[in-house]
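Engineer: Chain by chain, the residues run as shown.
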Amino acid sequence: MLKKKILIIDDEESFCRLVKLNLEETGKYEVRAETQSVNAIRAVKEFKPDLILLDIVMPNVDGGEISQKLKSDEAFKNIPIVFLTAIVTEREVSDQKGIIAGRPFLAKPVPLDKLIYCIEQNTLA
Amino acid sequence: MIEDDRLVAKLIQDMLAKVDEINCETEWFERLAPALDRLAKNDIDVVLLDLFLPDSAGIDTLVKVQTRCPVIPILVLTGLDDESTALKAMQSGAQDYLVKGREDVFHFIRAIRYAIERKRIQEALKRTLSEMEEQVAARTSDLTAANAQLSAEVEERQKAEEALKQAYTELKETQSRFIQAAKMQVVGGLASGVAHEVKNPLAIISQGVEFLNKKLPLDDENVSLTLKYINDAVMRANDIITGLLDFASLSKLDVSPHDLKIVLENSLLLVKHQFVKNHIQLNEDIGAGIPQISIDKNRIEQVFLNLFMNSADAMPSGGALNISMRVENIPATGEGVGRRKGDILKPEEKVVVVRVEDTGTGIPQEIIDKVFDPFFTTKRGKGGTGLGLSIVKNIMEMHGGKVDIANKKEGGTRATLIFRIQDQASVS
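Protein chains in written order, with the working numbering: chain B, 119 to 243; chain S, 17 to 444.
It is worth saying that the hints were derived from the structure and are not from the lab.
None of the values given here were measured: they were computed from a predicted structure.
Hints are all accurate, no fakes.
Calculated lysine-lysine pairs in the DSS-like style (CA-CA distance at most 27 Å, straight line): (1) S:K244 - B:K232; (2) S:K244 - S:K395; (3) B:K146 - B:K122; (4) B:K163 - B:K146; (5) S:K277 - B:K215; (6) B:K123 - S:K231; (7) B:K166 - B:K121; (8) B:K215 - S:K313; (9) S:K288 - B:K232; (10) S:K231 - B:K146; (11) B:K123 - S:K230.
Okay, chain B solo, but in the shape it has when bound (with noise of 0.2 Å):
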């Protein structure tokens, strides 16, 4: 079975590598991760993930700023990005819907299960 490509774009080391792990863990996905945000491009560029995970609060460049270059991109604007992000709590999720501003959010901490369930939406079978 073809494994999905998941990238997972956080300053914190800690949570990549876990995240890494866990959804590793179920054979189903190839994680890589990247904790320096103005190394983000590069990494979708080597990459070529089929979801991204984003943060949005990290040093230099943000998530929010990611998010404009990718989607600028013709090479890049159609790979599904949910921000993965603790300024958000799960109220202000639900609350909409799990969109804010037309995109995917989960709040951290987030469980696993949902956290795959969301890959799992947001990508093609």
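Please arrange chain S on chain B, whose structure you already have, making use of the hints.
Structural biologist: Okay, now just chain S, sitting in the frame of chain B:
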């Protein structure tokens, strides 16, 4: 000279003519009437008057002459045995009396002079007196006017003072509300920063627990229990942070007109399933004519949910939840009801009242005053953050409404929510 005895008259005339010191012209009348006519010209300096004349007798004669010429001095001529009349005449205003046959010329002249002088002084005195009286009257009326003005001013000042006191009280209230709002703003700013910084480590812990759950030997009961404890703790911490954010983010409301009935129904939908499971019967009594009101829909749903959850917690073995919604009039008295702008509700104001009643265990009397205090909870260790009702109170107050919680006499608790229809809280 008015004298009907010719001899006396002649004597007096001769006497007066002889005197060099004064230059006098004498006019003699035998009867009163023609004399009165002459006196009308008012150029006579002194009158020598016999009281007993052919056409008038006694004091009356004097009175008539005085009436005709009030400012001319009168000397009364009397007979030898008539001193009592003379005295009476003096009392009535004659300047002096002269006894016929007894007076010598000097005495006469002196009497006339004195009479004129005295009369002049008397008149001057009268004038001065009347002037003084006029002045006093004027001053009095000035004083009266000034006094009235002063009283009016005092009244004005008192009214102004009242208004000032009221304005001061309102200012203090506004100030304290302002300070509260500013505090909330600061807390809001802090809270989102803190929340973000805490949620990230929580996310790491929870992902770590998920991983360990898969990797550690779960046949060891202590291992799985430990992981469960860690996970529960993470969830609890997350709830507190979320509660804090909720509490802090109340500086802004997202307000628009809504049908409160529908908001209530939505909130009920979220808990109906759990209610059925816990054998809680749901009774709704929605009145007619509930108008649309401007509310932050999400926050009000939060309010309803909070009350429903509290009621459900109070009925662990089942019961009934009665919800009513009606338009009512505020009674004339009551806490928070008043006519001033700062008061939350005005008497006779129309409001929408929502009552959420349960048949649960009720709230112990000793803590019922604390239920709205932040972080006060009877469910610590069972997932209670103690922020729910304080958030409910904040939300209602930001909407310009009220919330009240009380025990029912027949058992259970009633939460009363009052929503204003007009003049609601402004969107900050």
